[in-house]
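Chemist: Sequence:
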Amino acid sequence: MTDASPLAKKESKSLAITALYTAEVWRRGGLPGADLLATPDAQRVYGATEAALGIARVFSALGRLLGGVRYSPLPVALLHRHTYLDHLVRASTADAVIELAAGLSPRGLAETAQSARAYLEVDMPEMIAWKRELLSRTDAGKAALARAHLRFEGADLRTADLSAFTQGTRSPLIVAEGLLMYLSAEAQRSLFRRVADAIPTGGELLFDLVPPAEEPPPGLLGRGLGWLMRRFTGGADFVRERRTRVDVLADLSAAGFEASAIEPHAQAAALGLPHPSTWTRMVVFRARRPG
Numbered sequence: 195m196t197d198a199s200p201l202a203k204k205e206s207k208s209l210a211i212t213a214l215y216t217a218e219v220w221r222r223g224g225l226p227g228a229d230l231l232a233t234p235d236a237q238r239v240y241g242a243t244e245a246a247l248g249i250a251r252v253f254s255a256l257g258r259l260l261g262g263v264r265y266s267p268l269p270v271a272l273l274h275r276h277t278y279l280d281h282l283v284r285a286s287t288a289d290a291v292i293e294l295a296a297g298l299s300p301r302g303l304a305e306t307a308q309s310a311r312a313y314l315e316v317d318m319p320e321m322i323a324w325k326r327e328l329l330s331r332t333d334a335g336k337a338a339l340a341r342a343h344l345r346f347e348g349a350d351l352r353t354a355d356l357s358a359f360t361q362g363t364r365s366p367l368i369v370a371e372g373l374l375m376y377l378s379a380e381a382q383r384s385l386f387r388r389v390a391d392a393i394p395t396g397g398e399l400l401f402d403l404v405p406p407a408e409e410p411p412p413g414l415l416g417r418g419l420g421w422l423m424r425r426f427t428g429g430a431d432f433v434r435e436r437r438t439r440v441d442v443l444a445d446l447s448a449a450g451f452e453a454s455a456i457e458p459h460a461q462a463a464a465l466g467l468p469h470p471s472t473w474t475r476m477v478v479f480r481a482r483r484p485g
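Taking our numbering, the leading residue of the sequence shown gets 195, the next gets one more, and so forth.
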């Protein structure tokens, strides 16, 4: 295998850091299977991030008192996102679930412990190898690895043939959590077209994305988060383009989907999501191939 390009290495490091942070959010949130992926590194990344953002939160609170932007606590927003997607996955009648950029998500572990439905996790080869290594530390993790209906596939999603992941399925559900924020508008449109080409009618795509036009101006909290991202990853940052959810829905329609946008916090109380009384800024898109 040839060495990864500098860009690929930078992106891999970026996603590894965010995977560690979210893994610790999942563990602290008590999500099933998250303990099997816990590491001291994740605790350190989480602690450093929360400490650095603590001062920014104080100023954000002051800004709210003075009529500023509403504050969305990041760990709660991530829990709302993940558990709402969990709800949609459980409610789906799909015959197979394919999770793109699965990272250290415990969703596949939890779902395959409760259901015999086929579940495929796809991510960069080094991420898949890392996840397997973490799971192999415990008997429970080894048992999860031994499940015939839980599979792992290493692939570069920028160039992978997505139809290879859906081959043999009738109505697959593709989940892409925490991925779209790293993609430019054109890369998002390309992914929508590739997914549409890879799934039959009746198949679905679920993903999250807070459209940049709906994000507040990058105040102290946003600048702090961006600085942390660049500090941890050697320069990588979130993609920021002034698009609205209407733009995203239009792109999904152009790719051949019927789509809707949902804010998980609005469903939190009814669905029993964590921290139901806490407002968060998060948007989940649900797109279906009609037919």
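Fair warning: there could be bad hints in the mix.
Estimated spans, in silico, between C-beta atoms of each pair [said to hold, decoys possible]:
{"no.": "1", "residue 1": "A245", "residue 2": "D391", "range": "43 to 51 angstroms"}
{"no.": "2", "residue 1": "P410", "residue 2": "T353", "range": "32 to 40 angstroms"}
{"no.": "3", "residue 1": "A285", "residue 2": "S447", "range": "19 to 27 angstroms"}
{"no.": "4", "residue 1": "A464", "residue 2": "P410", "range": "24 to 32 angstroms"}
{"no.": "5", "residue 1": "E320", "residue 2": "D229", "range": "16 to 24 angstroms"}
{"no.": "6", "residue 1": "A242", "residue 2": "T287", "range": "40 to 48 angstroms"}
{"no.": "7", "residue 1": "E409", "residue 2": "A444", "range": "16 to 24 angstroms"}
{"no.": "8", "residue 1": "G348", "residue 2": "I456", "range": "28 to 36 angstroms"}
{"no.": "9", "residue 1": "Q237", "residue 2": "L339", "range": "36 to 44 angstroms"}
{"no.": "10", "residue 1": "A407", "residue 2": "H281", "range": "35 to 43 angstroms"}
Honestly, the hints are just simulated from the structure, not real lab data.
No residue lacks a Cβ here, since even glycine has one placed at the ideal position from N, Cα and C.
Chemist: If a hint holds in the structure, say so; if it doesn't, say that too.
Modeler: Here's how the hints hold up against the structure:
1. A245 with D391: 43 to 51 angstroms: holds (45 angstroms)
2. P410 with T353: 32 to 40 angstroms: holds (35 angstroms)
3. A285 with S447: 19 to 27 angstroms: Given about 23 angstroms between the Cβ atoms, the range holds.
4. A464 with P410: 24 to 32 angstroms: holds (27 angstroms)
5. E320 with D229: 16 to 24 angstroms: holds (23 angstroms)
6. A242 with T287: 40 to 48 angstroms: holds (42 angstroms)
7. E409 with A444: 16 to 24 angstroms: holds (19 angstroms)
8. G348 with I456: 28 to 36 angstroms: Holds - the Cβ-Cβ distance for G348 and I456, about 31 angstroms, lies within 28 to 36 angstroms.
9. Q237 with L339: 36 to 44 angstroms: Given range 36 to 44 angstroms: violated, Cβ gap about 23 angstroms.
10. A407 with H281: 35 to 43 angstroms: Violated: the Cβ-Cβ distance is about 27 angstroms, outside 35 to 43 angstroms.
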